[in-house]
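*Asks:* One letter stands for each residue in the lines below.
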Amino acid sequence: MRKFNQFIGFTFSKLAVSIVILTLFAILLFIFKRGFSVLNPSFIFEFPKDGMTKGGIFPAIIGTLCLSFGGILFALPLGVMGAIYLSEYAKSNIVIRIIRLGINNLAGTPSVVFGLFGLAVFVKFFGFGVSILSGSLTLGILILPVIIRTTEEAITAVPKEFREASYALGATKWETIKKVVLPVATPGILTGVILGVGRAAGETAPILFTATTFYTRYLPDSIFSEVMALPYHIYALMTEGTKSELQLPIAYGTAVVLLFLVLGINLIAITIRYRARKEKKW
Amino acid sequence: MVNTKIFIKNLNLWFGKKQVLVDVNMNIAKKTVTAIMGPSGCGKSTFLRCLNRMNDLTDGVKITGEITIDNKKIYENGTDVPTLRRKVGMVFQRPNPFPKSIYDNIAYGLRINKVSRNKIPEIVEKSLEAAALWTEVKDRLHESAMELSGGQQQRLCIARAIAIEPEVILMDEPCSSLDPAGMFKIEDLIEKLKEEYTIIVVTHNMQQAARISNFTAFLYLGRVMEFGDTNQIFTKPKEKLTENYISGKFG
Ligand SMILES: Nc1ncnc2c1ncn2[C@@H]1O[C@H](COP(=O)(O)OP(=O)(O)O)[C@@H](O)[C@H]1O
Ligand SMILES: [Mg+2]
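For the record, the sequence lines run as chains A and B.
Counting from 0, one number per residue, gives the positions in the first sequence under numbering that gives the first Met the number 0.
Counting from 0, one number per residue, gives the positions in the second sequence under numbering that gives the first Met the number 0.
None of these hints come from the bench; they were simulated from the model.
The reader is advised that the hints may include incorrect statements.
To be verified - Covered by chain B, according to a simulated footprint, are these stretches of chain A (three or more residues, beta-carbon under 8 Å):
1. 19 to 30
2. 164 to 170
Unchecked claim - Computed cross-link-like contacts, DMTMM-like style, restricted to lysine to aspartate or glutamate with a CA-CA straight-line distance of at most 25 Å:
3. B/86 - A/174
4. B/113 - A/152
5. A/177 - B/142
6. B/113 - A/239
7. A/277 - B/103
8. A/178 - B/124
9. A/2 - B/79
10. A/172 - B/138
11. B/125 - A/163
12. B/61 - A/163
13. A/159 - B/138
14. B/71 - A/160
15. B/17 - A/174
16. A/178 - B/225
17. A/277 - B/138
18. A/159 - B/135
Beta carbons are placed, not taken as given, at the ideal position from N, Cα and C, and that holds for glycine.
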C-alpha cells in the first residue's frame, strides 16, 4: 500500500513536470514559428522602416539593454547595502519586521503601479522626463526586492567559521563583511542579479510611461533620451499597428529576440557564478 | 607570579539561563603552554573564547568576573576588542582558512592591521616558515587555500595567526581533525612557538597534554577541578575526579 502511494505520488510529480516543460516548449515553438520568417541579421541591426512594417528592431534592443542595466546599476548597490543592514546589523525588532513587510509587499505590487509611481516621481517631480534615467530608476525599484532577498540569503549562508576567522585576526565587523562575507556571497548575489536583469528586460508596464517611445529615429545619446524597448515594441505593434498582417511577424520576431537576450544575459551571469563557485569551494 | 600574563578571577559565564563556566580562577604564565582538558561540553571552548572575547558574538551571553591581560582588564568598558584580538590570536578546532589564495590568507590580517604594503611578502614567508609550511607551498602561494590538506590548512591557520604578531595564541583542539602525522607536526610547532608566545591549548588527548604542556587545567562541568604543573597533574593528581579522568574512567 505504501509502495502504491509512493508510485502515485511520483507519477503525479512526473506528470506535473512534463506539463510544465511541454507548455514551455509549446510557447517557444509557437513564437519561433510565427517570428522565424523575419529573423536575419538586418532585423537585429537595422532601424524600423515604412511605418514599422519593415526593417529591424535595433533601437529597441539597445533601449532594453540600457534600461535593464540601468535598473541593475541602481538596484544592486542599494539592494546589497539594504541586505547587509537587514542581515548583519538589524536586531530583530518591530522596525525590521515592518521593513521586511514593506519589501515583501513591494515584491507583490503589480508592475503598472511602479510605472505610475515612476511617472509621478521621476518623470514629473524630479523632472527627468520620459527617459532612460526615469525608466532605469523605476525598474530599479521593481527589482530591488529580488536583489535584497537573494543577497540576504547569500550573506546568511556564509559559514560562521569564515567570520570567526576574520574577527579573530582583529577585523572589525565592517571589514569582515566587506572582505570576507561579500566575496564569499558574490555567487549568490549574482543569482539575484540574473533574476533581476531578466525581470527588468521583460517588463512593459514600468517603462510604459517613464522611458519608452513608440518610435524614434535616433539611438539614445544620454541618460535623458527616451528609447524604444523590446517588450513595449511588441505591445505597440500589436495594438497600434495599421497593417497587422505585416506587423504581426515582426512582433513575434521581436519576442524571439527578447527571449534570447534574456537567455544570453542569464548565461553570462551563470558563467560568472560557475567560475566563482569553482574557485571557492569549501 | 611575576611572569603572569593572564589573570582570570571569578569568571562566570551564562548562555541564556544556562551557566557554563563557574568561578574559574587561573593565572597563566608568560611563554608557557597551558593545556585545558576535560570531557566534552564541560566548557573548554567557551573558556578559551572568553580570552579573546569571541563569546561576544553569541547572543544572550552574560559574563561576570575579571580577566586581566598585561594588567589590562579586557572586559572593561572602552576596551578595543579588535586590538585585543590582534594581541590574542586564535586557532580553531576545524581548520578554517578563507576561500582565498594561500598568500591572501596570511596577507588578510596584515592588511586589516595596516601593515605597510611592501613588508607583506616578507612577513608571509616568515610566518609560513614559522608554521613549517613554507617548503610545501612556496611554489603555489597564489593557489586556493582550500586545495591544501587538512593538516596543511591547520598550519596555514597557525601561520595566519602568528603573522600579525600576537602575544597569546589560543588553540581549540587544533589536532582533532588531523591524522597522526599532521598532529605531530602541530605538536612540534607548539613546542617551538612557546619560546615566543603564551599558548593555551584545549585538547582531548591526554598524551598530547602531557607531551606539550607546562601546565594543565582540568575542567569539569564548567569548574576548574584542578590546575597546576602538568607533571604533577599526571603523576600525583590531588583530586579523585582528575585521577579518574586521566586513567580513562570517564571522558
Ligand atoms: N552558543 C551557545 N549557546 C548555548 N549554549 C552553548 C553555546 N555554546 C556552547 N554551549 C553550551 O555550553 C557548554 C560548553 O560548551 P563548550 O565550551 O563548547 O564545551 P567543550 O568545548 O568543553 O566541549 C555545552 O553544554 C554547550 O552545549
Ligand atoms: Mg570544544
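*Asks:* It remains to establish, for every hint, whether it holds in the given structure.
*Replies:* Going down the list of hints, with the structure as the test:
Three residues within the 8 Å Cβ limit are the bar, and the stretch 19 to 30 of chain A against chain B gives 0, so the coverage statement is violated. Check result for the stretch 164 to 170 of chain A against chain B: holds, 7 residues qualifying (beta carbon to beta carbon below 8 Å, three or more required). Only pairs whose Cα atoms come within 25 Å are accepted, and residue 86 of chain B paired with residue 174 of chain A is accepted, the gap being roughly 18 Å. The straight-line distance between the Cα atoms of residue 113 of chain B and residue 152 of chain A is roughly 31 Å, outside the 25 Å bound, and the hint therefore fails.
Restraint check for residue 177 of chain A and residue 142 of chain B: satisfied, since their Cα atoms lie roughly 22 Å apart, inside the 25 Å limit. For the hint pairing residue 113 of chain B with residue 239 of chain A, the CA-to-CA distance comes to about 64 Å; that exceeds 25 Å, so the pair is violated. A distance of roughly 18 Å separates the Cα atoms of residue 277 of chain A and residue 103 of chain B; the hinted pair therefore holds under the 25 Å criterion. Restraint check for residue 178 of chain A and residue 124 of chain B: satisfied, since their Cα atoms lie roughly 22 Å apart, inside the 25 Å limit.
For the given pair, residue 2 of chain A sits about 63 Å from residue 79 of chain B by alpha-carbon distance, which is inconsistent with the 25 Å threshold. The straight-line distance between the Cα atoms of residue 172 of chain A and residue 138 of chain B is roughly 33 Å, outside the 25 Å bound, and the hint therefore fails. For a cut-off of 25 Å, the pair hint linking residue 125 of chain B to residue 163 of chain A stands: about 24 Å separates their Cα positions. Between the alpha carbons of residue 61 of chain B and residue 163 of chain A the distance comes to roughly 19 Å, so the proposed pair stays at or under 25 Å and holds.
The straight-line distance between the Cα atoms of residue 159 of chain A and residue 138 of chain B is roughly 30 Å, outside the 25 Å bound, and the hint therefore fails. For a cut-off of 25 Å, the pair hint linking residue 71 of chain B to residue 160 of chain A is broken: about 28 Å separates their Cα positions. Among the hinted pairs, residue 17 of chain B with residue 174 of chain A is inconsistent with the structure: their alpha-carbon atoms are about 32 Å apart, more than 25 Å. Our distance criterion of 25 Å between C-alpha atoms is broken by residue 178 of chain A and residue 225 of chain B, whose separation comes to about 42 Å.
For the hint linking residue 277 of chain A to residue 138 of chain B, the alpha-carbon distance of about 21 Å falls within 25 Å, and the restraint holds. At roughly 28 Å between alpha-carbon atoms, residue 159 of chain A and residue 135 of chain B are farther apart than 25 Å, so this suggested pair is violated.
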